[in-house]
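Q: Residues per chain, in single letters:
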Amino acid sequence: MMRWSWRQTTLALFMALAANGLQSLLSPMWHYSRPFMDFPLLVTIFYASLYPSTGALLMGWTTGLFQDLFSGNALGVNALAKLVVAYLVIYLNEKLEVQDFLPVQIALLVLYVAIDGCIGYLGVTQFLQKTWQGGIFSPNFLFSMLINPLTYLVLFHFPARRMRRKTLGTGG
Amino acid sequence: MGEKRIRLTVFFFLFFLSLAGIMSDIKGEAILKAFPPLEWTAGKVYLIADTIKERGRQEFEHLYLSIKGHFVSAKRLREESLEKERLQKRVQELTRRLVLYQEAYKENERLKALLKVKERLEYKTVGTYVIGGNPSPWSNTILINVGRKDGVAKDDPVLDEYGVVGKVTEVYDEWSKVILITDPSFAVHVVDSRSGVIGIVKGAGKEWCTLEYVVADRDVKPGDLLVTSGIARLYPKAYPVGTVEEIRKEPGALFMKARVKPLARFSRICYLLVVLSQREK
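Chains as they are written, first to last, in my numbering: chain A, 1 to 172; chain B, 1 to 281.
Everything labelled a hint here was simulated from the structure, so no lab data went into it. Honestly, I wouldn't trust all of these hints.
What the hints assert, rightly or not - Partial chain A-side listing against chain B, Cβ under 7 angstroms, derived:
#, residue
1, L57
2, L75
3, G76
4, A107
5, L146
Because the structure is a prediction, the values reported are computed rather than measured. Just so it is clear, CB atoms sit at the ideal spot from N, CA and C, and this is done for glycine as well.
In isolation and in its complexed conformation, chain A is listed as follows:
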């Protein structure tokens, strides 16, 4: 059983707050018809991959809750979404015996953005009478599906890999 340390808790809270702070700082620049970044999602996936435990579930849920709180959504929408994502990451991490977990992370990320886009599309089209703005077929949405994984690679995956190598050494 994985122990849940104070260090992990501090790190989780810091990441959740930092991601939401960044998200709320940059969100005024975004619009449903523009490329959309989801920093809390990136943090949730990263943290759940790093520490696949119950703590990661709590961390994902907390991150989502903060997101709801900051964005003014009904409490629970993003919390539920991030909880499910965290659970999936942990579950797949245990079930799939793969050397590199990155493709799974990316797949989950893209899937989330796609589902989010679909929901957003359905919501938006009620007001826009199914116009071309927004929605899963707009170039901005497709760009979002690219920019989120790329940001994940740059902000989380590569730095983590470098740290891991530094810790383990180059071998030989």
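For this one, chain A is given, so just place chain B on it according to the hints.
A: Relative to chain A, chain B alone:
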């Protein structure tokens, strides 16, 4: 209780908690209002976040505008460079056209002058231009683009708008050879337009002619204009030939000798008139 079971329990607990939140549509504001200290803290946090956000937005806008400005400047510079290149080409084109127009204007002026000559003359004439030869001091023949087909005959006078140029010596179907007034074998009967003294102007080579067969004591002065006499009805009457430049009288000699400057512009010969001597208008 295993880790997995705990996790699953926590998951479902949080899942239903979230669902309950969604279903009851509790907004963050409601929670904050329910707990005043939390609301106060959140207010402060929002204030700080808003300040940071505003500052960040301004910085971001500044950065964005400066980057955009840089690209716009580069784009404008490139456009201006292209515009400059285009204008330079335009200037070159216009300069070329101007030169052409100036040439055309000069040509037009000369043709108009030649036309006036043509109208003034009693004889039929045919216009022509030089197609060969070199009217230089060392070459005293030129080729013109009219010949037998145009009615040109041997010994027909050739004029420009200023004076007598020469006469036709050889005629072919479509072109003719003209001997210039400066050729030593050329001679034309002239009269001094001021004093009426008659004489013969002969070619002296280079750019000069001489006035010959004038008795030494006759009234001929430098600057006198010599015109054709029209006696032989070969040349039109009173057409300028040249001006007297210098007179030389040797002691005991019967005739004087005068240097004559032809009026025809040999250095700029282009368009000419051939006088069809035997046919009057």
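Q: Going by Cβ atoms only, is G76(A) closer than 7 angstroms to chain B?
A: holds, 3 angstroms
Q: Hey, does the L146(A) contact hint survive, CB to chain B under 7 angstroms?
A: It is violated, given that the least Cβ distance between L146(A) and chain B is near 21 angstroms, above 7 angstroms.
Q: Mind checking the CB of L75(A) against every CB in chain B and telling me if the closest is under 7 angstroms?
A: Because about 4 angstroms separates L75(A) from the closest Cβ in chain B, which is inside the 7 angstroms limit, the hint holds.
Q: L57(A) was flagged as interface toward chain B. Is the shortest Cβ-Cβ separation under 7 angstroms?
A: Holds, because the Cβ-Cβ distance from L57(A) to chain B comes to roughly 6 angstroms (cut-off 7 angstroms).
Q: Should the interface hint for A107(A) be scored as holding, given a Cβ-Cβ cut-off of 7 angstroms against chain B?
A: At about 20 angstroms, which exceeds the 7 angstroms cut-off, the nearest Cβ of chain B leaves the hint on A107(A) violated.
Going down the numbered hints, you'll see the structure goes against 4, 5, while the others check out.
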